[in-house]
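Visitor: Chain by chain, the residues run as shown.
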Amino acid sequence: MKRFLSPFAIATVIGVVALIVLLSYGLGSKSPDRGIEQALARGERVKAPAFDLPRLAGPGRTALEDLRGKVVVLNIWASWCDPCRAESPLLERWHKKISARGGTVLGVDVLDVSGDARDFVDEYGLTYPQLRDTDDSLRPDYGANGVPETVVIDRGGRISAIRRGPVDERFMREKVLPLLGRPA
Amino acid sequence: MKRALATLLIALTVAGPAAAANCPKTTLGDVEDEVMCPVCGTSLELATEAPQAQRERELIRRLVDDCKSKDEVKAVLAAELGDEVLALPGGEGFDLAAYLVPALAILLAGGAVGLAALRWRRDRGAGGEAHDEGGDAATRRLDADLDRYDL
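Protein chains in written order, with our numbering: chain A, 817 to 1000; chain B, -8 to 142.
Bound-form chain B, shown alone (with noise of 0.2 Å):
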């Protein structure tokens, strides 16, 4: 009975730090900068005074007092307050810009890189040859040069 109970004691001395250990997964404001006020239309940690924001850190501290992950957080805040909240633009209508904007800009970013690189390979070429072209000129002249003073 003695060595149960001693048993049960180490047993509950060890596990309960390591519970505590593992909870909380997460902090309010480590979700806060990653989730928006959707009234406020701001990220939440931006939107100090909005009560809408008051509530929505409530929940926050609930969840995480209750040991849930960010993601576990995030995924209660968008079935309470809807997707808006993820600070995620939706994929249609002017939202979509959100994604085609970028990339687009990246398309056009990397074509005009190729472009340059291409003018400046053309450059670079007819220079050289320019180059070529005076070396042989002047080599042409100091050969003509010698062969004047050529004894």
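Just chain A, same shape as in the assembly (with noise of 0.2 Å):
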């Protein structure tokens, strides 16, 4: 027994579960946060976390707080994302479709070589404002962890409806359409 409670076995016990903890922690701490789609689930809407990023092209800055009032579709996309090339035809046409009414496409570039994204931009045509987001910082918040990712916020900065993967025309139609015709 006395050589079982010898300061190296107990050292070693030690040592073994605070690895233990720290990987668990570890673990938990990079996986992604479910918290919004729980909520959405619960038929709540939560605050959309706060953002201020640099824009693509040309300078200034823009944050969530400068688009209160507007029903915002945040698309999280990359230049090298297939997935995000498919949608953006889509994306582009909407904008012009809500804009008129009080909503916007916002374009958030993400883990992206700056000169790729912009040729992206031309190559589509895409007219809808475009950030960029070189220290990925609001992917997590967002609780997303691959692109495209698309979340719908409505005119009061709550989130509404999230899309993890590309968005198609009846999302679109679901989504967004109903909140347009709505106050915040």
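Hints were generated in silico from the structure; no laboratory data involved. No residue lacks a Cβ here, since even glycine has one placed at the ideal position from N, Cα and C. Hints are supplied without guarantee of correctness; some may be wrong.
Covered stretches of chain B, as calculated for chain A (at least 3 residues, CB under 8 Å) [what the hints assert, rightly or not]:
{"#": "1", "region": "65 to 73"}
{"#": "2", "region": "130 to 140"}
Now the in silico label distances, taken between C-beta atoms and shown as ranges [as the list claims (entries may be wrong)]:
{"#": "3", "chain 1": "B", "residue 1": "ALA69", "chain 2": "A", "residue 2": "PRO905", "range": "27 to 37 Å"}
{"#": "4", "chain 1": "B", "residue 1": "PRO15", "chain 2": "A", "residue 2": "ALA825", "range": "39 to 49 Å"}
{"#": "5", "chain 1": "B", "residue 1": "GLU49", "chain 2": "A", "residue 2": "GLY874", "range": "18 to 28 Å"}
{"#": "6", "chain 1": "A", "residue 1": "ASP882", "chain 2": "B", "residue 2": "ALA100", "range": "51 to 61 Å"}
{"#": "7", "chain 1": "A", "residue 1": "LYS863", "chain 2": "B", "residue 2": "LEU109", "range": "23 to 33 Å"}
{"#": "8", "chain 1": "B", "residue 1": "GLU63", "chain 2": "A", "residue 2": "GLY972", "range": "39 to 49 Å"}
Take the two lone chains and join them into the complex the hints point to.
Guide: Below, the structure is given as structure tokens:
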């Protein structure tokens, strides 16, 4: 019994336990937050996390707060992502459709080379505002772990829908269109 | 005029290879094992097929062709793709463990070595004394034996 209680044995056990705790914490902290989905499943709308990011082309920054009162279709994308290419024409079409009714698509380019991203915008003739998140700080706040992901934010700055993956016509019709008629 | 042309020709002949010798300052292979593919979560060297890795490689190739040094290439990558690309853990949250755990391990290992050395010295001291005690007893016994056979 005494041999099992030697300082080395105790130190080894403490070390192993500490390592397991550390690994568990690491796995937990790195996995995406699903709180937004859970709130939406309960029929609640959570406040959209604030951000303030530089524009992709040209000087200046845009904050979510600047768009308060608008319906914002926040699209997280990257130029190397094929599904992002597929959904871009649809997003551009919808931006034109909703901009006259107090809505906007807002692109946020992540994990990308800025020159490639600007080429992408030119190639698809995208006219909606584009921001750039170099530090990839926005995605964890929105529980995003891939691209593309799209978050629909109502006029009051609350999240009303989320799509992990490319959007389609149906999603836009069902999740965006109804918000345009509603006041904040 | 002929002399000026000849001087220019010599200057170009010498300067051309000298400039070429300074460029490229690094290679794709030299950089890609020291940076990450942030999307893949591995070093760029291991991320062979990922589209983001291909873009990252293209950027490195362009920078190498522009005669940038390895540090300059890394600085551009960090500005474009964030500090995560430098394969260095962040200084807060869970990433802090990458710095703290090795430091703690070194401290613990140092403590363990110190403790082991102390124990070894103590055991050796005790063993030595025991040996001396044994030696004294033997000497005494030998002296007694010699006394008994003292002629």
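Visitor: If I claimed the Cβ atoms of PRO15 (chain B) and ALA825 (chain A) lie 39 to 49 Å apart, would that claim hold in this structure?
Guide: Since the Cβ atoms of PRO15 (chain B) and ALA825 (chain A) sit about 56 Å apart, the hinted range of 39 to 49 Å is violated.
Visitor: Is the listed coverage of the region 130 to 140 of chain B by chain A valid when you require three or more residues with a beta carbon under 8 Å from a beta carbon of that chain?
Guide: violated (count 0)
Visitor: Can the region 65 to 73 of chain B be counted as covered by chain A under the rule of three residues or more with Cβ-Cβ separation shorter than 8 Å?
Guide: holds (count 4)
Visitor: With respect to the beta-carbon atoms only, verify the hint that LYS863 (chain A) and LEU109 (chain B) lie 23 to 33 Å apart.
Guide: violated, 59 Å
Visitor: Falls inside 27 to 37 Å, the C-beta gap from ALA69 (chain B) to PRO905 (chain A)?
Guide: holds, 33 Å
Visitor: State, for the Cβ atoms of GLU49 (chain B) and GLY874 (chain A), whether the hinted interval 18 to 28 Å holds or is violated.
Guide: Holds - the Cβ-Cβ distance for GLU49 (chain B) and GLY874 (chain A), about 24 Å, lies within 18 to 28 Å.
Visitor: Verify the CB-CB distance for GLU63 (chain B) and GLY972 (chain A) against the hinted window 39 to 49 Å.
Guide: This hint holds: roughly 46 Å between Cβ atoms.
Visitor: Given a hinted range of 51 to 61 Å, is it respected by the beta-carbon distance of ASP882 (chain A) and ALA100 (chain B)?
Guide: Once the Cβ atoms are compared, 54 Å apart, the range 51 to 61 Å for ALA100 (chain B) and ASP882 (chain A) holds.
Of the numbered hints given earlier, the model fails hints 2, 4, 7; all others are met.
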